[in-house]
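2 protein chains.
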Amino acid sequence: MAEYTAPLKDMSFALKLAGMDDVAALPGYEEASEDLVHAVLEEAGKFAHGVLSPLNWEGDQHGAVLENGVVRTAPGWKDAYKQFAEGGWNGVPFDPEYAGQGLPWTLATACNEMWQSANMSFGLCPMLNQGACEVISHYGTEEQKRTYLEKMVSGEWTGTMNLTEPAAGSDLSQVRTKALRNDDGTYKIIGQKIYITYGDHDMTDNIVHLVLARTPDAPEGVKGISLFIVPKYTVTADGSVGERNDVRCVSLEHKLGIHASPTAVMAYGDDGGATGYLVGEENRGLEYMFMMMNNARLNVGLQGVSIAERAYQKALGYAQERVQSKPVGFKGDKVPTIIAHADVRRMLLTMKAYTEATRALAYYAMAQFDVAERHAEPEVRKAAAERVALLTPVVKAWSTDIGVEVASLGVQVHGGLGFVEETGAAQYYRDARIAPIYEGTNGIQANDLVFRKVARDKGAAAASCIAEMRETVKTAEGDLAYMGEALAEGIDSLQKATDALVGADPVTVAAAAYPYLRLFGTVAGAWMMVKAAVASAKAKAAGEGDPTFHSAKLATARFYITNLLPQHSGHLAAVTAGAGPVMDVTEDEFAVDL
Amino acid sequence: MAEYTAPLKDMSFALKLAGMDDVAALPGYEEASEDLVHAVLEEAGKFAHGVLSPLNWEGDQHGAVLENGVVRTAPGWKDAYKQFAEGGWNGVPFDPEYAGQGLPWTLATACNEMWQSANMSFGLCPMLNQGACEVISHYGTEEQKRTYLEKMVSGEWTGTMNLTEPAAGSDLSQVRTKALRNDDGTYKIIGQKIYITYGDHDMTDNIVHLVLARTPDAPEGVKGISLFIVPKYTVTADGSVGERNDVRCVSLEHKLGIHASPTAVMAYGDDGGATGYLVGEENRGLEYMFMMMNNARLNVGLQGVSIAERAYQKALGYAQERVQSKPVGFKGDKVPTIIAHADVRRMLLTMKAYTEATRALAYYAMAQFDVAERHAEPEVRKAAAERVALLTPVVKAWSTDIGVEVASLGVQVHGGLGFVEETGAAQYYRDARIAPIYEGTNGIQANDLVFRKVARDKGAAAASCIAEMRETVKTAEGDLAYMGEALAEGIDSLQKATDALVGADPVTVAAAAYPYLRLFGTVAGAWMMVKAAVASAKAKAAGEGDPTFHSAKLATARFYITNLLPQHSGHLAAVTAGAGPVMDVTEDEFAVDL
Numbered sequence: 001m002a003e004y005t006a007p008l009k010d011m012s013f014a015l016k017l018a019g020m021d022d023v024a025a026l027p028g029y030e031e032a033s034e035d036l037v038h039a040v041l042e043e044a045g046k047f048a049h050g051v052l053s054p055l056n057w058e059g060d061q062h063g064a065v066l067e068n069g070v071v072r073t074a075p076g077w078k079d080a081y082k083q084f085a086e087g088g089w090n091g092v093p094f095d096p097e098y099a100g101q102g103l104p105w106t107l108a109t110a111c112n113e114m115w116q117s118a119n120m121s122f123g124l125c126p127m128l129n130q131g132a133c134e135v136i137s138h139y140g141t142e143e144q145k146r147t148y149l150e151k152m153v154s155g156e157w158t159g160t161m162n163l164t165e166p167a168a169g170s171d172l173s174q175v176r177t178k179a180l181r182n183d184d185g186t187y188k189i190i191g192q193k194i195y196i197t198y199g200d201h202d203m204t205d206n207i208v209h210l211v212l213a214r215t216p217d218a219p220e221g222v223k224g225i226s227l228f229i230v231p232k233y234t235v236t237a238d239g240s241v242g243e244r245n246d247v248r249c250v251s252l253e254h255k256l257g258i259h260a261s262p263t264a265v266m267a268y269g270d271d272g273g274a275t276g277y278l279v280g281e282e283n284r285g286l287e288y289m290f291m292m293m294n295n296a297r298l299n300v301g302l303q304g305v306s307i308a309e310r311a312y313q314k315a316l317g318y319a320q321e322r323v324q325s326k327p328v329g330f331k332g333d334k335v336p337t338i339i340a341h342a343d344v345r346r347m348l349l350t351m352k353a354y355t356e357a358t359r360a361l362a363y364y365a366m367a368q369f370d371v372a373e374r375h376a377e378p379e380v381r382k383a384a385a386e387r388v389a390l391l392t393p394v395v396k397a398w399s400t401d402i403g404v405e406v407a408s409l410g411v412q413v414h415g416g417l418g419f420v421e422e423t424g425a426a427q428y429y430r431d432a433r434i435a436p437i438y439e440g441t442n443g444i445q446a447n448d449l450v451f452r453k454v455a456r457d458k459g460a461a462a463a464s465c466i467a468e469m470r471e472t473v474k475t476a477e478g479d480l481a482y483m484g485e486a487l488a489e490g491i492d493s494l495q496k497a498t499d500a501l502v503g504a505d506p507v508t509v510a511a512a513a514y515p516y517l518r519l520f521g522t523v524a525g526a527w528m529m530v531k532a533a534v535a536s537a538k539a540k541a542a543g544e545g546d547p548t549f550h551s552a553k554l555a556t557a558r559f560y561i562t563n564l565l566p567q568h569s570g571h572l573a574a575v576t577a578g579a580g581p582v583m584d585v586t587e588d589e590f591a592v593d594l
Numbered sequence: 001m002a003e004y005t006a007p008l009k010d011m012s013f014a015l016k017l018a019g020m021d022d023v024a025a026l027p028g029y030e031e032a033s034e035d036l037v038h039a040v041l042e043e044a045g046k047f048a049h050g051v052l053s054p055l056n057w058e059g060d061q062h063g064a065v066l067e068n069g070v071v072r073t074a075p076g077w078k079d080a081y082k083q084f085a086e087g088g089w090n091g092v093p094f095d096p097e098y099a100g101q102g103l104p105w106t107l108a109t110a111c112n113e114m115w116q117s118a119n120m121s122f123g124l125c126p127m128l129n130q131g132a133c134e135v136i137s138h139y140g141t142e143e144q145k146r147t148y149l150e151k152m153v154s155g156e157w158t159g160t161m162n163l164t165e166p167a168a169g170s171d172l173s174q175v176r177t178k179a180l181r182n183d184d185g186t187y188k189i190i191g192q193k194i195y196i197t198y199g200d201h202d203m204t205d206n207i208v209h210l211v212l213a214r215t216p217d218a219p220e221g222v223k224g225i226s227l228f229i230v231p232k233y234t235v236t237a238d239g240s241v242g243e244r245n246d247v248r249c250v251s252l253e254h255k256l257g258i259h260a261s262p263t264a265v266m267a268y269g270d271d272g273g274a275t276g277y278l279v280g281e282e283n284r285g286l287e288y289m290f291m292m293m294n295n296a297r298l299n300v301g302l303q304g305v306s307i308a309e310r311a312y313q314k315a316l317g318y319a320q321e322r323v324q325s326k327p328v329g330f331k332g333d334k335v336p337t338i339i340a341h342a343d344v345r346r347m348l349l350t351m352k353a354y355t356e357a358t359r360a361l362a363y364y365a366m367a368q369f370d371v372a373e374r375h376a377e378p379e380v381r382k383a384a385a386e387r388v389a390l391l392t393p394v395v396k397a398w399s400t401d402i403g404v405e406v407a408s409l410g411v412q413v414h415g416g417l418g419f420v421e422e423t424g425a426a427q428y429y430r431d432a433r434i435a436p437i438y439e440g441t442n443g444i445q446a447n448d449l450v451f452r453k454v455a456r457d458k459g460a461a462a463a464s465c466i467a468e469m470r471e472t473v474k475t476a477e478g479d480l481a482y483m484g485e486a487l488a489e490g491i492d493s494l495q496k497a498t499d500a501l502v503g504a505d506p507v508t509v510a511a512a513a514y515p516y517l518r519l520f521g522t523v524a525g526a527w528m529m530v531k532a533a534v535a536s537a538k539a540k541a542a543g544e545g546d547p548t549f550h551s552a553k554l555a556t557a558r559f560y561i562t563n564l565l566p567q568h569s570g571h572l573a574a575v576t577a578g579a580g581p582v583m584d585v586t587e588d589e590f591a592v593d594l
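In order, the protein sequences belong to chains G and L. Numbers 1 to 594, taken from the numbering used here, label the letters of the first sequence in order. Numbers 1 to 594, taken from the numbering used here, label the letters of the second sequence in order.
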């Protein structure tokens, strides 16, 4: 099976486009020079290609297995994880004070993309660990950082996020896991958590669970949830692994995809209570989680990019090998491979254009995150924070839906062979399907976008983003003028849709949420592609860089603008259709034939 | 797991809309009264619900297995097949002279939809058998009909279609299986066939393979392929099962979905040659196959409808049960189920509207097929044949792509549970994925549409269909006038796209093929929905039928028209973008980062 190759040229280009130079100028990130960025990407690419990618298919077939109460990861997993930790890859964006590399999140994002492309099931472990590290970094005590964070950043231990319960999925206000205060300041944690990614595994000596639970006197709802560190093994005074805590994996889910990523049902306190350590203050757990969740949502959006890239590479490889039928208009003797067929090209270009557009947008959002965290000017930080908040649901939902659609096209390019599991394309189609669901379903992302990010500030953040998009229109001149014009039309649609939402009644806004998000993604993707085309045209004219790369970028941008962007009008129509078509249907009408 | 319920009200309605009354007036179909149609649908629905549906999930998990050279179907399969055959379900559309029921294809189509909805893996066996029966019905000798057809129609034996070889997939001109003439008029068949659905199984005493092969002196290419009957066991003079023929299943594919449908690699002639019997004349095999293939393509299109219906039922059931978060604007005490959430409604309505639109179009196309076969007037037959030829690639490709998209939405409605296999929604997502691939990939369907069905007659067949669509616009009056206006805009897009293709150079046509097909489906679906809305409004006003059904139909049509139809403009833009964006990309540019 063909292994994943990190698309280093496009990644470097997308980083630059996202403002990597500005990020490298932020206080504390001075080390992140162009040379260092390049070296990191190259090393990460080698690791993804040589270590993670070769385990992907076998991991899918083998899966993670629960045996006698212990989760065994797929063959090769443990060793790969050891190498991953030794390479320092867990620590890229974290504080050097606690074993981190102190590099920008933007750069970490490019690395993360590679792990998820090469092996999404594997990549989930560091992804969740990263979220847990972020929470402890921000809200943990110095002692907690020394005890847990350092070992999680170094990769000696891994972290998990325990939010969901059977009755508390999208609605975390329903969390029922109990936290009873002990006299020594610790808590007894009792309850069941589901869908816990890498809730148990055999790759490290310890696992640090972050668990949402309620103290007995906590208020109802979201304001009564606290956050606890619950290690699999308690930690002794000297920092080593101590006694087994009262937490165990009771079963693993049998899933459509990401088979090698154990998705655990976790039982806390079956023997009286697992020992938990409060993070921050009581009743503020959800607030802490949400801080981390924004970043996690960008990372899940990135998984959409990753799986799209992988599916594209696979489909391209097949299209370059397979010979079948003469293409229309072909006159020669030697029948070319199917990449010469117009419809195969249409599929490949759709895959390529969406992959590059979602990548550019995800990197851009993460660069804004770095700016929001570190810029010297409060005004600049605020604007960047607003931008990243606006784009987070778009990156999460648009990219992951695109991931599914691109993976589906990847199957199609292979014809009958695409449906045969050994080919590998089907795995991407299965794996991709989780990303629109977890870390807040895409419907929830759409609601987040329209209510919290657009309606709440009366469209101000959207207007600022739209204004910046219009600046890009002006830069598309000469041969690229048609791109600017098409982008302007897309922006007009986005503007109209935004105007329609601001001030509308909440039910109307809710009904329009998903098409609005899709419209936003489609236009923001075009914005990125036009920016890219302008940069590539300039570089090409100046004789800078790889001319084939730049002409490829111009070709992909062209396809996006002429063949994909025009969908904006359909999405706008759905946004402005109002609540009626969605809400004026009775339950009896839905079920009239059942 | 919730079982499938045949949507009898919508099926009856769609049959009527498709012109079932006219079909029942065709010579030979007089028996197909409204009462009989109703009785057949009711019985088929019971069988699908009670016998086929309960086997679907276990069949998926168990799969078909090759053991010691014999394929064993999943538990319960053999008995279900016996009941299916005894019920006469194989024979619905076939000649009573050969064990058939002599009923219209249109009615058989509604039954077929049920088999595929209830259990797609099971339904494939009768679907392929039906194709084989059609071929022998048309081109077999009287003796072949008595020997094979009768038992295939009765269900005592099953039939298979053996077209594909490793180097001959989409391009059947590459068929290399050999047929050597014996002195007694039979042939020795030697070669390998792949992707043979139910190529072997344990449900019947014999299997009748229809095999494409080449005689030694046959011309190269498509005009040198002959068609043979190759029974698994040769048949004795008295019609009973004789000796084992030299054909066997050498392996089964490990597939993404339809696990319980054995997809076989078949070896012919490993011991010197399988005995084959020529169908019709030598070198005309592909022509015979194509005759059957049109019908088979409609049936595969129908599978898209079937899986969409099943996915909808499943998602609706979950949405009516699951409680999670208060919907926007909800003020009451008891939090309703998630069907009250706007975005869940959007997903369910998208599923419902597409299911009903694709169903209506598939039934309509099949009714035109019946008219084309049986109408007394040659002119009417010709027009109907032209219409069914035009719509066949649309029904096949549009419905099956919709099937995948609807199944994906079905997973999404379930949230995390959708990704857990035991829920069942994931199976539809996996099963659905084959339909855009087999029986001519959707890319091939798109080429068939633009070249053979539109460009070849200079748009005449399309123009005739468009003219009829415009008649429907006129009938949308009063409250429904907005639907007529929106449909008219869609038709204008289709008209412009058609004009752009007629007379264009072939490469431009090929590049526009898929978006044109998608545009055609979107507009034809709207045509059907507006027809349906007009009929329902009339019936409601007249107090006829179930008022909830009619108001549901009006609601679904409204959603289709306001929220889905507007995509036509995006598709039109892709059609008129020309060949450049697709063709002006070098292979180096595709692979610039690999």
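It is worth saying that the hints were derived from the structure and are not from the lab. One should not assume that every hint holds.
[Unchecked claim] Cross-link-like lysine-lysine pairs, in silico, BS3-like; alpha carbons within 30 Å at most:
1. L:326 / G:334
2. L:334 / G:331
3. L:82 / L:145
4. L:9 / G:326
5. L:223 / G:331
6. G:9 / G:496
7. G:538 / G:474
8. G:223 / L:82
9. L:178 / L:188
10. G:496 / L:326
11. L:334 / G:178
12. G:46 / G:496
Here is what the structure says about each hint:
1. Using a Cα cut-off of 30 Å, the hinted pair residue 326 of chain L and residue 334 of chain G is violated, with the two alpha carbons roughly 63 Å apart.
2. For the hint pairing residue 334 of chain L with residue 331 of chain G, the CA-to-CA distance comes to about 70 Å; that exceeds 30 Å, so the pair is violated.
3. With a C-alpha separation of about 22 Å, the suggested pair residue 82 of chain L and residue 145 of chain L falls inside the 30 Å cut-off, and the hint holds.
4. Taking the CA atoms of residue 9 of chain L and residue 326 of chain G, the gap is near 46 Å; set against the 30 Å cutoff, the hint is violated.
5. For the hint linking residue 223 of chain L to residue 331 of chain G, the alpha-carbon distance of about 20 Å falls within 30 Å, and the restraint holds.
6. For the given pair, residue 9 of chain G sits about 36 Å from residue 496 of chain G by alpha-carbon distance, which is inconsistent with the 30 Å threshold.
7. Distance check on the hinted pair: residue 538 of chain G and residue 474 of chain G sit about 15 Å apart at the alpha-carbon level, within 30 Å; holds.
8. Between residue 223 of chain G and residue 82 of chain L the alpha-carbon distance is near 61 Å, which puts this suggested pair outside the 30 Å criterion.
9. Simply put, residue 178 of chain L and residue 188 of chain L have alpha-carbon atoms about 8 Å apart, close enough for the 30 Å limit, and the pair holds.
10. About 29 Å separates the Cα atoms of residue 496 of chain G and residue 326 of chain L, which keeps this hinted pair within 30 Å; it holds.
11. Only pairs whose Cα atoms come within 30 Å are accepted, and residue 334 of chain L paired with residue 178 of chain G is accepted, the gap being roughly 24 Å.
12. A threshold of 30 Å between alpha carbons decides the hint, and for residue 46 of chain G with residue 496 of chain G the separation of about 46 Å lies outside it, so the pair is violated.
Taken one by one, the earlier hints fail for this structure at numbers 1, 2, 4, 6, 8, 12, listed in ascending order.
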